[in-house]
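Chemist: Starting from the known structure of chain Y, arrange chain H on it as the hints suggest.
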Amino acid sequence: MRFYLSDRMGAALLMAPLLLFLVLAYAWPFLGVVKWSFTLPTPGLGQYEALLTDDLVQSVFIRTLRIAAVVTVVSVAAAYAITVVWVRGTPAQRLIAEFCILVPFWISVLTRAFGWVALLSNRGLINTWLQAIGFISEPLALVRNEFGVIVGMTHFLIPFAVFPLASAMRSLDDRVLLAARGLGSSRMRTFWTVFVPMTRSGIIGAAMIVFVFSLGFFVTPAILGGGRSVMIAELIYLRIFQSPDWGLGAAISVVLVLFVGALMALLFRYVRPKQLI
Amino acid sequence: MQQPGRAAEIKAIGIGKSFGSFRALDNLSLDIGRGEFLTLLGPSGSGKTTFLMILAGFVQPTEGKLFSDGVDITDRPAEQRAAGMVFQGYALFPHMSVEANIAFPLKVRKKSAADIKRRVGEMIERVGLKGHEKKLPAQLSGGQQQRVALARALVFEPGVLLLDEPFSALDKGLRGQMQAEMKRLHQETGTTFVFVTHDQSEALALSSRVAIFNHGKLLQVGAPDEVYDRPDNRFVAEFLGEINMLPLKGVKPAGNGSTGLCEDRAVSMGCKAELVRGDAILAIRPEYMSISGEAADGENGIAATATNSTYLGAATRLDLTTLQGAKVTVSVPNEVAAAALSKGNSVWLTWPAEKGFLLPYGGQ
Chain Y
1 MRFYLSDRMG
11 AALLMAPLLL
21 FLVLAYAWPF
31 LGVVKWSFTL
41 PTPGLGQYEA
51 LLTDDLVQSV
61 FIRTLRIAAV
71 VTVVSVAAAY
81 AITVVWVRGT
91 PAQRLIAEFC
101 ILVPFWISVL
111 TRAFGWVALL
121 SNRGLINTWL
131 QAIGFISEPL
141 ALVRNEFGVI
151 VGMTHFLIPF
161 AVFPLASAMR
171 SLDDRVLLAA
181 RGLGSSRMRT
191 FWTVFVPMTR
201 SGIIGAAMIV
211 FVFSLGFFVT
221 PAILGGGRSV
231 MIAELIYLRI
241 FQSPDWGLGA
251 AISVVLVLFV
261 GALMALLFRY
271 VRPKQLI
Chain H
1 MQQPGRAAEI
11 KAIGIGKSFG
21 SFRALDNLSL
31 DIGRGEFLTL
41 LGPSGSGKTT
51 FLMILAGFVQ
61 PTEGKLFSDG
71 VDITDRPAEQ
81 RAAGMVFQGY
91 ALFPHMSVEA
101 NIAFPLKVRK
111 KSAADIKRRV
121 GEMIERVGLK
131 GHEKKLPAQL
141 SGGQQQRVAL
151 ARALVFEPGV
161 LLLDEPFSAL
171 DKGLRGQMQA
181 EMKRLHQETG
191 TTFVFVTHDQ
201 SEALALSSRV
211 AIFNHGKLLQ
221 VGAPDEVYDR
231 PDNRFVAEFL
241 GEINMLPLKG
251 VKPAGNGSTG
261 LCEDRAVSMG
271 CKAELVRGDA
281 ILAIRPEYMS
291 ISGEAADGEN
301 GIAATATNST
311 YLGAATRLDL
321 TTLQGAKVTV
331 SVPNEVAAAA
341 LSKGNSVWLT
351 WPAEKGFLLP
361 YGGQ
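Residue numbers (this note's numbering), protein chains in the order written: chain Y, 1 to 277; chain H, 1 to 364.
So here's chain Y without its partners, still in its complex pose (with noise of 0.2 Å):
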């Protein structure tokens, strides 16, 4: 006899020991971060009630917020450019495109983070050369500040925004882009009135995704931005084990969290997960 499981039996068998781990490693242990959130150091709301209050917080959010959306656009637009090149380049291009995306995956972030400040910090390549060559006098602030953090943020989130970009090229029908030069429509024109909108979902997912990790950033915002531009995990990090005030290191875990929730919801209602791979 043999035994045959549906589609949506084996799926669901296949994701089970993922879905097991996640819940022992991350649901269960969060669910002690939001205890602590109400009790520590003493029960109650305090703690949220100091997250509106706190000037320090707020700031460090709004720095959060501006920083990420930043990021995504940046990322977004470099990432939909080198992907028209991987998708509908020559071979050569696309073998070009490819490994620009792929390289980054094999260096760690705390490598690139490092490898950032040798390029931008006050003694480092760029501030040598532009005074070599006499374009400037003093250093420029490329590093430990906001710019910093940018770029380094950037460079590493571009690849994860190629791939719902791709995804969303890979699926459009050649013919409508012929239909729109064969109507009279110029290449640029095509470009921005068919090709753009019609990867409409390969943006929006691309645009989450970046704004999403980049909400949750910690190493590269912790050494491109030398202390100076906290972004929010940072910010947990210093409440939890340096200045311990767990509860209020907790409570911004919290609100982090259902922040970033709220907006994976908001995304799953645009765009099928299938769409972002």
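Take these hints with a grain of salt, some might be off.
Chain H regions said to be covered by chain Y (calculated; three or more residues, Cβ under 8 Å) [to be verified]: (1) 52-63; (2) 100-109; (3) 202-209.
These aren't lab readings, by the way, just hints derived from the structure by calculation. Glycine included, each C-beta is placed from N, C-alpha and C at the ideal position.
Modeler: Positioned in the frame of chain Y, the structure of chain H alone reads:
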């Protein structure tokens, strides 16, 4: 193809196209007349779609020249030729409403808002899409999408409308309806239509002329009855419909026509034996052959035995074998078929002299 509101006249001279070592189109020369409805007919891979893409400017020919109203347009990019084009699968803009799809070519041409509104409105009325203006293509049926594609391709009054198998996705009833609609649009607009299909009945029903393609070569161009009744070669004869082929011996000219021996009986043909002498093939469409008890004197006829019949409703299709073993199919009235089958053995197959035509023996 640029002058709006005026049908274009197209001249192709020695057009060839190679994709690597594959020869998609070979030395094609063809004149397409002003306001003509020309169908490019052939099996898939015959080069008909490649030629259409060359006309549209999406494919650059390897050799040859293309003229529109006497102007060389061989190197002109697609967006400057602006031939109206209807694609297989329609290729509508999925993110634009019906209205916006149809307005697109006018917007590209920077027409005034009032002008666009008027012409789009007229076009929507003409193709019967009133009430669907604000819908997206995905909300329309196949037939309605087809109408949007036609409207979008005609709204800017192109000199030529190119259609690439536009009806292949429609069911049979809708297909007939859209064919009638297209014929009407052709008459109303007076534009030159170039239509690609692999469906011979569609080609014969719609066009003023049919161009038959095979293996990258243009085999024959002519009016539907011309190519159907007087095909130049075996491929055209067989592609356009069912055909009976009987071996002929001793073919020679006689008066305005020709004569020969078919299964040892003298037969005459209405066509001249200019290219064919001696052994040849006599080709006759099934519907031109009839069955009788005996051949009258001077009439073309051979003996055959009925082997099988298929009832088709209006008529019966009868399969026969001649004395020398040739297979023949005829389409006859139902009662004639019944009588022929009941006789069991021999009947006479007859045909009018002017309905038979000669093809070279053995060749294509």
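Chemist: Indicate, hint by hint, whether the structure satisfies it.
Modeler: Here is how each hint holds up against the structure:
Only residues whose C-beta sits within less than 8 Å of a C-beta in chain Y count toward coverage, and the segment 52-63 of chain H has 3 of them, enough to reach three; the restraint holds. With 4 residues having a beta carbon nearer than 8 Å to a beta carbon of chain Y, the segment 100-109 of chain H meets the requirement of three or more and the stated coverage holds. Counting residues of the segment 202-209 of chain H whose CB lies closer than 8 Å to any CB of chain Y gives 0, so the stated coverage by that chain is violated, three being the minimum.
Checked against the numbered hints listed earlier, the structure breaks hint 3 alone; every other hint is satisfied.
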